[in-house]
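Q: Work from the hints to combine the two standalone chains into their complex.
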Amino acid sequence: MSGTVELRNHGRELRHFQLRLAISAGFVLLLFGLLFARFFYLQVSQREHYHTLAEANRISISPIVPNRGLIFDRNGEVLAHNYSAYTLEIMPSKVANLEATINELAGVVEIAARDRKRFKKLMGESKQFESLPIRTRLSDVEVARFAANRYRFPGVEIKARLFRQYPKGEGASHVVGYISRINSQDLQQLEASGDSTNYRGSDYIGKIGVEQSYEKELHGITGFEEVETDAAGRAVRVLSRTPPISGNNLKLSLDAKLQEVAEQAFGERRGALVAIDPTSGDVLAFVSKPGFDPNLFVDGIDSENWDLLNNSIDRPLNNRALRGVYPPGSTFKPFMALAGLELKKRTPQYTISDAGFFSLPGSSHRYRDWKVGGHGSVDMHKSLVISCDTYYYGLANDLGIDKIFSFISQFGLGKLTGIDIEGEVSGLLPSQEWKMRRHKQKWYAGDTISVGIGQGYNLTTPLQLAFATAILASNGTAFRPHLVKQVTDSKTGAVRDVVTQPQYTLNFNPENMLRVHNALMDVTRPGGTAARAGAGAAYTFAGKTGTSQVIGMKQGEKYVESKVNERHRDHALFIAYAPAEKPKIALAVLVENGGHGGAAAAPIARLVFDYHLLGKLPAGAAAVTADDEEGAHD
Amino acid sequence: MTDSTRLWHYLTRYVDNFLLGGVLLLMLIGLLVLYSATDANLSRVSNQAINMLVALTIMWLVANIPLQHIMRLAVPLYMIGLMLLIGVALFGEIHNGARRWLNIGVTRIQPSELMKLAVPLMMAWYFDKHEVTLRLRDYAVATLLLLLPLFLILRQPDLGTTLLIASSGFYVLFLAGLSWRIIAGLLLAALGSLPVLWSMLHDYQRRRVMTLFDPTQDPLGAGYHTIQSTIAIGSGGVIGKGWQHGTQTHLDFLPEKSTDFIFAVFSEEFGLMGNILLLLLYLVVIGRGMVITANASTQFTRLIAGSITLTFFTYIFVNIGMVVGILPVVGVPLPLISYGGTSMVTMLLGFGILMSIQTHPKLVKT
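These protein sequence lines map, in sequence, to chains A and B. Going by this note's numbering, the first residue of the first sequence is number 1100, and it counts up by one from there. Going by this note's numbering, the first residue of the second sequence is number 377, and it counts up by one from there.
Note that these hints are calculated values from the structure, not bench results. Treat the hints with caution; some may be incorrect.
To be verified - Not everything, but these chain B residues come out facing chain A in the computed CB check (under 7 Å): (1) I607; (2) G612; (3) D628; (4) F629; (5) L648; (6) L655; (7) M666; (8) T669; (9) N671; (10) R678; (11) F693; (12) I702.
None of these values were measured; they are calculated from a predicted model. Each residue gets a CB set at the ideal place from its N, CA and C atoms; glycine is no exception.
One chain only, chain B, in its complex shape (with noise of 0.2 Å):
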């Protein structure tokens, strides 16, 4: 082996190709897309470029640890996170109305962001421990490490971090094997608790939640963003209108069109084929999420390769959903294509576990 086969093999060692074509593909999608929605603001669009390469190189990094370093950060990082989420209830800032920001001298982080990773890591850990003598009690006790950072992060007000953890939580819980009969309790209760939950939302939250019902309620104000979303979509048609070439995109009628709503932008210029081969490009990475999960050894492997997997696609789906209306709209970028860098780091850091499931060798129990 010559030096620079050596290399490369040292450094694509434990990195997935299939995972990492994927990723690669839908980060370059993104990158056309961004550069449309600035209007070719190319000093935005290379600085997502470099958050790609940021979160690249962090997922590199995860996918050379072993599991087992890993595993063994699950619970010193959801004690810290947990630490910090108080931290930002009692001396957090204030940002837009929101509680969400913590200043630790140096920089502001955002506690729930760490906690997207922590709690399934967390709970997987705790499923791991109790393999062998699972009982309802130990599914009761990671419903709580669950619940206790969500009833956190709801109150800062953040309700789509919420939702993408306790999905995340959920999918640990699922598949750990929660009995169907407490998942149908467990929708009941959910049911139950919508009047507790509402009353503890925000008017600005309700709001969302009821512009979905009827966005011409309120054009201008709440519903005004899914409408001028509909419309960019709709309008898009079956072949779209052609890269850069977006009406709505660029004249400016769509709200937060390089964030939250970048996919409208994406299904204004390319149509319904883009959003065919889109919805495709997800559905490759999910599905090497999935075979990685089921070829995991461990049962915390097996928990959080599944979790990180579908919590990608929580995210694809309650983006969509809200750009397409039918979902209420929640602050969920759309992953690897949203501009953002603190969502592309977190969701690459999943991608890293993920690849280091599926290259380093598999640890069989006996």
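Looking at chain A on its own, in the form it has when it is part of the complex (with noise of 0.2 Å):
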């Protein structure tokens, strides 16, 4: 047939084919070393790495967050400590729609308006892939109630937390401050300070008060876990423990009993009392009121009871003690009177004749004392006791106020007192090189006669004046104010003193503190500025009552306390120490708009006293009340 030329030659065509087959073979073989080559790099060559990379993959290392340290009065109350609670925590970042998912929780567990407030606030303050609580301290019925519904809240959980209780209340909530959530702020400054692999797992820092000075005593040693976690990050089991250490325990040198005799007596008004035991610088009370409740803060203040706190015209979270800064008034005559008769420049005897006002030579500018007309003949005890205006502008025009500077200083006014809670304000104990630093004006003879009886530019705080006081009362030893008397380590038990020598002694005549001494007294004693506050107290009670001006008077024009609006009134102050001999109590107390400090501030002064002193509580623990005006002038 013609068509067997197409025939193929079958042998060749199987030949052909087997040698297609061979070199299929030869790829397949080819291909598998490819394989094998592939096998080497990966489990031989590259073993260490790939090994190193799986135990990254298999091991995380979580946190324990230490139990934060408790704080105590210095009898040992309670003012801070812990308890174990259970929250319901929201993941946002694994949470699709948000409003949904609460909206959804709320009809497991009770939500209310205040709780989703509060979560909208946290969430705007927190940092990414945080887990917030929506709800806090659930109920045990709560807790199975959400875990039977649990399927339905991928993103939520609920946790075992320690919080943060003040059991006080506002009682002492300026000393002891709050903890709050840890923000970006607080995140930057771990960073700043090398302490974030310390905070690792930790929620909460001390914000204000001791617990935000104290926050490194307080917080304690992070510990480690070394877990096997799987791909979705749970854990499997424990490979190893680092247990954390407890933060330190810390006993305030505040007694808490005082303290809240002292926050009692201001009743509704405002103010502060700072209270020092003029032998070691502890401080006893410190007051500034109104306070506020610093439980609102722990889990996360909520707007509304922030924008209560923050709006409020009496500024609740404004530390007065610390940071109010007032014009010390005739508190400040005192100390007038020891540099008078310490730099000479006045005798015990020497006795002025007042005729109600002081002027400079060549001057007709009258300096008004207080009392029109005058008080007469006027030593330096009287001066005190009476609390005459007129001795001490000639006195301070006498010393000049580079003296009064120098001297005065030492007293700690104008400085910061270095009191262990941050914050402070150094207040002014003005100089002519401040003034010309800060209004870049020289000084007048003029400006010296007004800071002689405490004003003029004169601005003290209520710590400083109580830290002064307690240098005078102690004839010049001066300890450093402190809040915290004793940090017990939580590990070895062993207790540190925060304060144990005096930062410096000032040596003044003895003489010379004598009739200083003498003088205040006198001031609580029948014909004293403070003698209703001091009748018939059981102890010697040296004291000295201030008024310093919110608004200024006019030449020829009389303040009447009953015409001016009452947030302009006068604020009252008073400095007081007892037993005058050998004084235990130390403080200064000022009642804003008050009025006179021996009428509003020093009644205070002696309910303190009294409990400090004689363990008496006062009558129904009521307030003082300011209406009494008799004898009570200064």
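A: Written as structure tokens, this is what we have:
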């Protein structure tokens, strides 16, 4: 057939096929060789590298947050402690529709409008990937209910957490302060100070008060757990564990009972009181009224409460004792008197004839005494007892601003006292140098006159006044005032005193000191400006009243309290110590817009002393009222 | 002969013991690895065992069919397959973004799986028919027979199956003696059409290819699979972490660890030694397939046996290549080991054909 030309050689075809098959076999071997080379590379050459990666996958280090140190008062009463409770937390990054999830959650556990608001606020402040509490302090029933419905809420979890609680509420709130959630600013600070590792896992940090200033002691050392985790991040088992070390406990120098007496003595009035043990610098009471409830801040404060506190005209968040600056008024006079004696510008016998005003030579400007017509013949003793202004105008003029500045600053005015909470302000003790720097003006002789009675440029904090009073009371021994007395190491139990040595000692002539003490004792006796407050005291009670002006009075104008707006009334001041011969307590009281020091402030001091020295609680623990003005002008 | 030996003879008459031995050993390894990969989930392991039994039965049945009958099925099978693929394109059900299934009332079927055998069968049949007068035109027709279903499957989209059918078809062409010049031309054409192919790919497919070059670019997305599987394999070292002791496996870092990535489980727990053993076992099966191919007596049987054997190899290479990070991630199971019934049945159907070729009396053309 002609078609046979198309026929192929069958044998050749088969050889051809077998060649192709052999090539295929070679191809198979080649590619298997390639796989083998890859195995060798991964499992032999790079084995270490991949082993490390596998371990890193598998093992995660999870922090164990230490228990925060507790805070006690000097008698062991608890001011801040921890309790464990269940919280319901949401990881916002894992929840698609937050609003819907919260609404659904509300069907399982109770979620109040307040909780929602607080959660929103936390969201705004928090880091990414953080789990945030929507509800705290769940009841056992709620925990069980959520557990049963858990599958419906991915990204929502129940966690057992330690909570901080301040059992005294508003009491001593400005001292103890509070802790609150770590915000981005705190985080930056922690990173800057190199402490961020120790805060892995910590959600809270001290924000103000002792909680803030002793953060390092209270926080403790974070422990670590090496945990084997699966791909979903769930812990499978614990490989190793370094336990955390609890924070150290703090024992405050504060006497919580005394603090309570002092706070109650203020009633609804605004003001501050600082009481110091002059023999040690222990701050026995530290009041700033009004206070606030620090517990509100722990879980994150809701916006409603925050606005209430932050916008209140009474400014409850302002620590008046630490940061409020007021002219010291006549409480400045004992220090001036001592300056006059020590610097030999006055003798005890030196007497002026007070006509009710003082004028600089060659000037017609009258610096008026608070008493129209004056006090007549006045020596140093009487000048303090009746609080004569004219005497101190002259003395200030004779001393000059430089001597006043250098002498008074020894008592710590115009400087930070170094108390162990943050935010202290230095107030102002004016000097020539200061005025030049601040106002680019030279000092005038007239500026000195009002400084002499604690007015003019003078500004002090209640804390500074108390510190100065303590130095005066102890005849010149200055201990740094401190709110924390002891730190107890949580591990060793060792107790460390915060302050043991006086900061410095001033050497005054004992006779001069005695004269000032004697005069100040007479202030609380009949005829003195605080006679009523001192009446019937079972101990010797030295004090000095003061009034600091809120608004200035023009020449010839008279200050009539009842005609002045309540917020523009004078601040009432009182410094005191007792027992006068061997003082155990020295204090400064300030009542904002309280009027006269003797009437408004001194009775508070009396209640505090009565409790501290005699253990006597105020009758009915009622507040002292300021309506009593008899013989109580300074 | 006693009855029982007769029965035994009857049962094993058309079974290739060599091939069967290799397959059973691989299946045994598969069950062991699956037990570990599923965290000792006995129900999944027994499920897989049932899959294997079903597949083995089908293999036995096919082995008993003389090749002439199988050959007669080539055209109808191909036609039905093509029809079904068109049906999928028109009325197919979409699962996970891919249109691969066809609901035929009783059950859902995946016609592309059928085509894995139907395409090489059809091509081998065609070459057999035109064996005597083989011309270039015939290669073109055979290529068309391949491209038609490929196009439909690529559009579903199913990259893995496309790749496997393409290679099974190519093996038929290659073994049928396609000239090297045309092979070179085809390769060039394939390279040239890469941009076109690229534009046809879906985003997720492109990502898979891109992450091959740098898996760290997308460590939690497309690169995650490869990163975790290479960690598993590399950390297995020479002797492995031990059966059921792979940390990558048991802490769930490995994705798809009982299906497409099961090799990483094996490799993590049995190390380089295990890998070598497994490759050798696969080589034994492939080698046996090649011997059967070489002994085959007709064009049809030679081509189909060669294609089945080399496609089996392709499964292995593409799957392991993907798990060790030298090929892009495409959905190709590890033959006889990955969990799943469909691919197991397809695979053993092929082995049944191999056995039939080997064990039935050879028809020598005269």
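Q: All hints, please: hold or fail.
A: Right, here's what the structure says about each hint:
no.	hint	verdict
1	I607	5 Å, holds
2	G612	6 Å, holds
3	D628	4 Å, holds
4	F629	5 Å, holds
5	L648	4 Å, holds
6	L655	6 Å, holds
7	M666	6 Å, holds
8	T669	6 Å, holds
9	N671	11 Å, violated
10	R678	6 Å, holds
11	F693	5 Å, holds
12	I702	6 Å, holds
Checked against the numbered hints above, the structure violates only hint 9.
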